[in-house]
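Colleague: Listed below, chain by chain, are the residues.
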Amino acid sequence: MRVKVLEKNERSIEVLIEGISLPIINAIRRYAMTQVPTMAIDEVLVMVNTSPLFDEILAHRLGLIPLKSDEALEKYRSPEECAECTAYARGCENCFAYLRLEAAAEGESVTVYSGDIVSDDPDITPVYKNIPIVTLAPGQRLVVEMRARLGRGIEHIKWSPVTVATNRYVAKINVDRSRCDLCKRCIELCPRKIFYIENNELKVRNEMNCILCKQCERSCPKDAIMLSWYEDKYILRLESTGVLKPERILSESISMLIKKLDELHEQMNKVTVK
Amino acid sequence: MGSLSGERINLDTNARWTLIEVFFREKGLVRQHLDSYNRFITHGIKESIKDESIITTNIPGLRVEVRDIYVGEPMVREVDGSENRSITPMECRLRNLTYSAPIYAKLVLCEGNVCGEPEEVVIGEMPIMLKSVKDRTSKMPPDKLIRIGEDPKDPGGYFIINGSERVLVIQEDLAINRILVDKGREGTNITHTAKVISATVGYRIPIILDRHKDGTLHLSFPPIPGKIPFVIMMRALGLETDEEIVLAVSPDPDIQSELLPSLQQAQAIATTEDALDFIGSRVAIGQVRESRIERAKQLLDKYFLPHIGTEGTEEIRRKKALFLGQMACKLIELVLGRRGVDDKDHYANKRLKLAGDLLAMLFRSAFRGFVRDLRYQLERSRSRGKRVKLSILIRSDIITERIRHAMATGNWVGGRTGVSQILDRTNWISMLSHLRRVVSPLSRGQPHFEARDLHATQWGRLCPFETPEGPNCGLVKNLALMAYISVGMDEKIIERLLIEKLGVMPAIKVLEMIRRHRIGAEELFKYSKVFLNGTFIGYHRNGAELAEKIRRLRRKGEIPHEVNVAHYKTEFIDEVYINCDAGRIRRPLLVLENGKLRLTQEHIEKLRHGEMSFNDLVREGVIEYLDAEEEENAYIALNPEDVTPEHTHLEIWPPSILGIAAATIPFAEHNQSPRNAYQAAMVKQALGLYAANYQLRMDSRSHLLHYPQKPLVQTRMLDIIGYNERPAGQNMIVAVMSFTGYNMEDAIIMNLSSVERGLARSTFFRTYTTEERKYAGGLEDRIEIPSPQVWEYKGAKAYELLDEDGIVKVEAEVKSGHVLIGKTSPSRFAEEYRERGIGTMRRKDASVTIRHGERGIVDSIVITTSQEGYKLVKVKVRDLRVPELGDKFASRHGQKGVIGMLIPQYDLPYTAEGITPDLIINPHALPSRMTLGQLMESIAGKVAALRGKEVDGTPFFSEDIEDLKKSLLLMGYPLDGTEPMYDGRTGELIGIPIFIGIVYYQKLHHMVADKMHARARGPIQILTRQPTEGRAREGGLRFGEMERDTLIGHGAVALLRERLLESSDRTYIYVCELCGHIGWFNRTKNTYECPVHGDKGIMHKIEVSYAFKLLLQELMSMLIRPKIILGDRFELAER
Ligand code: SF4
Ligand code: SF4
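Chains as they are written, first to last, in the numbering used here: chain A, 648 to 921; chain B, 805 to 1939.
One thing to keep in mind: the hints can contain errors.
Selected chain B positions facing chain A (Cβ under 10 angstroms, derived; list incomplete) [claimed, not checked]:
1) 1499
2) 1556
3) 1661
4) 1777
Just so you know, these hints were derived from the structure itself, not from any lab.
Note that the coordinates shown come from a computational prediction; the quantities given were computed from them, not determined experimentally.
We put the beta carbon where it would ideally sit given N, CA and C, even for glycine.
Pulled out of the complex, with its shape left as it was, chain A reads as follows (with noise of 0.2 angstroms):
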């Protein structure tokens, strides 16, 4: 097995795993998206609002934002031992981070952000400021009280923490150099200019970038060109909405993988040894 980061940023993170089998990867790439919890705001206690929009848009908004969930995942209980507390209804400190939104606006209009709503755990707070909640207009109040909880993506897709999760394969492209005549079909064709002409021959560069898209393949008046893929070699990449850290929804994801098949092992034995 050999694990190779393509690409590695605050907000993504690219890995070519080899030797892995397709199922795995692809189930690696599900629980990053259900499964990995992560805080949102999930209950709103309007006060006041005299603004536009209706107390169901903002709640629907506010729930939306990114909440920083890094030292969430230690410090608030699971979803499920919350769901199974008794104190649930009630809201304790244990499940639910508190937050408040007040504003106003006077004289002037004023566009309420995500960075105007104040939180009592300075580890819960909007990952970026700048997310416009709703416009005020002279003479509009807002004042809400919202409580956060940790909830995974397959509940709702607000508590999701990534955007896009991906595996895809890696191309073998193959050119029959006997039948082509270079007519240029396929480097007019391609659009990630895989091919390219050097010594009157057609030649192929940077495979990883093909996406498999067949256009060369199909134009190819001389079936010249033939594509297939690794049967061992996948691409993951996963974008994070800023809650967690790409590699630490990554390697949760696979610890949440583990931790189910652990379960069901533990499950499968007690259940077959019998």
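Assemble chain B with the ligands onto chain A, guided by the hints.
Modeller: Relative to the frame of chain A, chain B with the ligands by itself:
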């Protein structure tokens, strides 16, 4: 001629577009209604009372003169009598008031030669059209409009009647005063027929001239029963000799000889007197000759061709005879095959009636009612010997009520219905399109195939796509973008101009000259006939020259631009038609002279800098408006590159043949035509931002899309329509594939995660209204929390959300069963109770509850007073509508479908970059529908998103699709719009690249939440005892005939019986075995009784359907005796 003549101009798309922009900046989209109304309110109202300006009474000498009449400022009279002059349209909408202004009249009471002082009195109220000259809001700047609660972009053109917005829909009509010839119907005695509808202010009289099989001509017109021979009519009108009559028809001997049978037929009646007597004897039966003649004269003057004149002078009668002669001439020309039948569907023969014309009709009839009443009041008060004072006798509510009633119900004078309609406020486009709708009076029950077909003359006048499907197809139409309707001008002025300046010889004079043999009759062959607004006025030596001259003068601005002229010349026919009447659809075109545009680059520059207006171009003759008639003489080039020296005009902007709704379709020219028609219908059902003041408005139902977007693929027209500011849809990423198959049969798969992120969310509003009325006898409604003692108390739970004032709290969550406004009414029989001296009577619950099956949150409440001074409460309830299974969506290419499945993002296919579609449509939706426009939009939308700038998809002038594909390739995507995709469930590459791009989708207002319904048991109808119908009444689901047939087919007797009897209206009746009558149970005697045999009857209990019992009783009420013969259910076997 342009100031810099000869300069070549580069008339590219942008330059042409400049013209359009200027046109709309100046005229707006509802100019037709505003112009028409403005003309009525400033001039028309004065003209319409000219006939009745002196109100005479049967008391000799006593009369009232109407000196002047005019409309004041918008105002509402409150209950306390005060005048609310600061009324705004929004206040009218909220308080259920009528936005109207008083009509003032200056009346003078005269007796003999003595006239009193003029008195200014209010004679009624006139509804004010929004944004017309009389409406204050038409002059307000946007910030002021916002302050008074108006949408600053609102186009106006509608009225507010009792709080609801109403449009006077444009009515299409056959042109008046024009002779139309046609073949007679098969199987009748009539071979050919000529028809004219003669109309003038207040009258509308059809006159028909038929040619019978024997060659005689006969005339029929309504006041006179039966047909009158043509020649007798001519004699009655003053042409006594055969020669005169024949000459009035035509100087051509061929045509004249066709008149022989008619002349022979009328030989017996040789003088005018005799002819009048002949006509008079038809109506004044049994009277003396003198009064018969008198009566006939009256009829002819007043009702025969009234548009020529109603004064009984010799000259007018001669003119009428001449007109009739022309009718005969045209008819005989048809008989001789010199001309074809007239095309009734040619738009030159159609006129549109706009709000102003319709109101004028209404006002005239209301004013007549007012005059009648005033006359009666005058006579009565005089006969009582009182001093007459006008201001006391005036009853202003007659006019007010007549106008308001017609506008509130749509029932117009002349028996037309549906003239006024509630303005469709579903979205911005639906509103605008409603204001530009044209309705034909033809009955929708009959086929009328030709009338429904698209006629070539509708090009540029009416939208070829926007018409409903079904019974109204082709009868309800919509104006094209550049269509402009003539307001009309005084034809007397034009007639004078033609005769005095342009060398038209009046017909009467010409005939006179021929009679005196000053010119020979043959001379006339060379002349052209000149018609003004359909009426023959005279001859001209050279028709072509006349037409040319008129056009030249018009382009110089010496003749008003409203005048249109057409010259028809064939081997036999040489006629010039000049039109200046109201209601012609005209369209602007660029004038070409010798293949050169009169438009110059300088004009374009000036237009762009606002130094010149569209009207200036018209005045300079650079652009002219053509009606359908004049277009017959024009040769119009579509594009500058097509121009040849023969061309007379150049189209300004070919896409302007479309109407407002069809203008929303990008790449429309690539779609199959019916698809565009479907989109034109569906765009009016899309949810969006219907008005910027939606929060203040209290529409009885409305929808609001939460995140409406400007389409990425634009058409240029969207800007001028205002769609980009009030959009109704969202740009969605659409993949074409079957995926799970849950999108078969036009369903769509939607991305659940996108929905969770807010895609296509909308809010539904419904307003509930009630009024606290006061009744006679001091009884009144009360808005309060009803006490448990009232009748029909709904139980404490229903009222739990009410505040002490009896109205729900704002932001309360309400659902079925909840009361929104608690109200109690006096019992219906309260009067009787009081008479009997029963002091305490139970009040009745009249609370307003939320509709069955609906739910929501109370959004806002308005408490105000209505015009009658009653307390008026309106409660607006909103309901969040998140897309769910079964909600309907449509693209802009007539591709509609309902959500078949919501799939979360992690299961959906993704591209190499991780893009997941918002929507997946099935590939089967495309080949048979041939909506290539959608595929192009998909690619164009993708390009627009990638390059960060909208793509122009204007029909005929769109960005080149090949260029778009190339830029797609340059930005790293396959050029055909496909992309390889991976299945989100397995992570595997899908075998075939998937076509994916961005398409603008509309959420339509058919939502599952409004329709979902089921019932087990529930209410029944009182009359039939069958379950009620419809969701709002918690009705049952219909088990219809076809369903019944299937059960019969299967022989499922028990089920059939259960459905149709036991679960429906089973009942038991008692039937007497002896007489077969239905009897009853007498509780006091504890016996069953028969109506015939009393307690001697032998009664049997029978199970029947209640509807059957009802049928029996209905038969009895019609004196039919139904008899039920009873038998044993199981025959006992013999033996
Ligand atoms: S499959 Fe597409 S991206 Fe890959 S080489 Fe061929 S054309 Fe280029
Ligand atoms: S399209 Fe085929 S033949 Fe043409 S250059 Fe490419 S590989 Fe060679």
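Colleague: Mind listing which of the numbered hints don't hold for this structure, in increasing order?
Modeller: Violated hints: none; all satisfied.
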